[in-house]
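K.L.:
Assemble the complex: chain D is given as a structure, and chain Y must be docked to it using the hints.
2 protein chains.
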Amino acid sequence: MAEVKLIGAKYSPFCFRLELALKLKGIHEYEYLEQDLINKGPILLHYNPVHKKVPVLVHGENPIIESLAILEYIDETWPSAPSLLPKHPYPRSQARFWAKFADEKCAAGAWDTYWRLKGEKKDKAIEVAIERFEHLEKLIQGKKFFGTGGDDEEEGREERIGYLDLVLGWIPLWVEVMEEIGEMKLLDPQKFPGLCRWGREFVEVPVIKECLPSRETLVQYFTIATPMMRAHFT
Amino acid sequence: MAEVKLIGAKYSPFCFRLELALKLKGIHEYEYLEQDLINKGPILLHYNPVHKKVPVLVHGENPIIESLAILEYIDETWPSAPSLLPKHPYPRSQARFWAKFADEKCAAGAWDTYWRLKGEKKDKAIEVAIERFEHLEKLIQGKKFFGTGGDDEEEGREERIGYLDLVLGWIPLWVEVMEEIGEMKLLDPQKFPGLCRWGREFVEVPVIKECLPSRETLVQYFTIATPMMRAHFT
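Those sequence lines, one after another, are chains D and Y. With full-length UniProt numbering applied, the first sequence covers 1 to 234. With full-length UniProt numbering applied, the second sequence covers 1 to 234.
Bound conformation, chain D alone:
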């Protein structure tokens, strides 16, 4: 097996999902290279000259970029069970649809609420984000895990963690920290019982627990990044 490196940052939900994927595949022997995202180092600029962003998976000397593409790469390169994506084209397409929705609507929506200070624009952003999370609440009804997010015909798949659980894996811890520092509520347990139940059980799965950054790491990042990012939004 060629050498595996993960160029990442502990606060990043996009890196977190890749650590989970590697661990679920039984790839424990990789080099993890934590990046300082304010002073970007030569290794990041070398392997991701287009975007200059984490995460990057380096396999041998091949850099793989964009976390959803990396998840597919991991699944294709180490195809032994447990597979992350389902086998059949239709549930695969559903998994990809929901992953894009999760990143472009839910994650982007949650950050959008967080970076804004109080006021009408923040209230509107919270309303929009909550509407988007409602789709996830519907999706988790009757399932233990998200799996593919769709009608999955492979028996027992919804009883174990799949691609979409990894993609949404940031929700439990990251949203909690955002809500606290951002002084807002996105996931009210009364309104999102399924999503909150999933989150509680997800972070208790041993392999997930092992990869979760500490609450302090996240709080520290949010504290540093918040004034910089808010300057763009207000």
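If you're looking for bench data, these hints aren't it; they were derived computationally from the structure. Wrong hints could be hidden among the right ones.
[What the hints assert, rightly or not] If you anchor each label on the Cβ, the simulated ranges turn out as follows: (1) Y:D36 <-> D:G142: 33 to 43 Å; (2) D:R160 <-> Y:D123: 48 to 58 Å; (3) Y:M229 <-> D:P49: 24 to 34 Å; (4) Y:R200 <-> D:P49: 25 to 35 Å; (5) D:P82 <-> Y:L45: 55 to 65 Å; (6) Y:V50 <-> D:E204: 21 to 31 Å.
Since the structure is predicted, the reported quantities are computational estimates derived from the model, not experimental observations. Backbone N, C-alpha and C define an ideal beta-carbon position, used for all residues, glycine too.
P.N.:
Just chain Y now, with coordinates in the frame of chain D:
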């Protein structure tokens, strides 16, 4: 074979790529359902209730949504040659990386220049879009077609149309119309000789030519949509 429907709109570059993919796969027997995007019809709302957008591929009764996910679905469902994506995980990951770059940076960047009226913001948007297209200019050097956009080890692949050519297939005609109506220049042939050469050859390939909307269709769409969209940007 289950019945295939494509819910689309002739001016949409995201629908165009799917018509190309179906034709390249030899799927000529499908129902094409043109949508009015101002008065959205019940079929679109039924099959894409989350985004209410084209394109949607309906196979049997299964709706597949998001054009990049649909391209992968088409490739997986009709795996016979010609394949759209390469077989090996690394060139596949490169194809997916560049497809995301093409949509989120190049296409979004080009529209951003177009919707804006004259002025400093438009000039800045043009500068940003041109920088992004420079990556594509580098990518096409030494190749007839984009193929995967990466180091593709499959012999002869760069001599035939692949996934990334379909994703970028809007460039030749759409950019020309944008430049004309938007009174601007994005792809100067002196600066982008490779991309312009690729565009000229691409639209002359018979299967592509057959699917290209007429210039009049695009001009008509741009004329209707422009005042509405510009209201958001100015």
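K.L.:
Can you name, in rising order, the numbers of the hints this structure does not satisfy?
P.N.:
Number 5 only.
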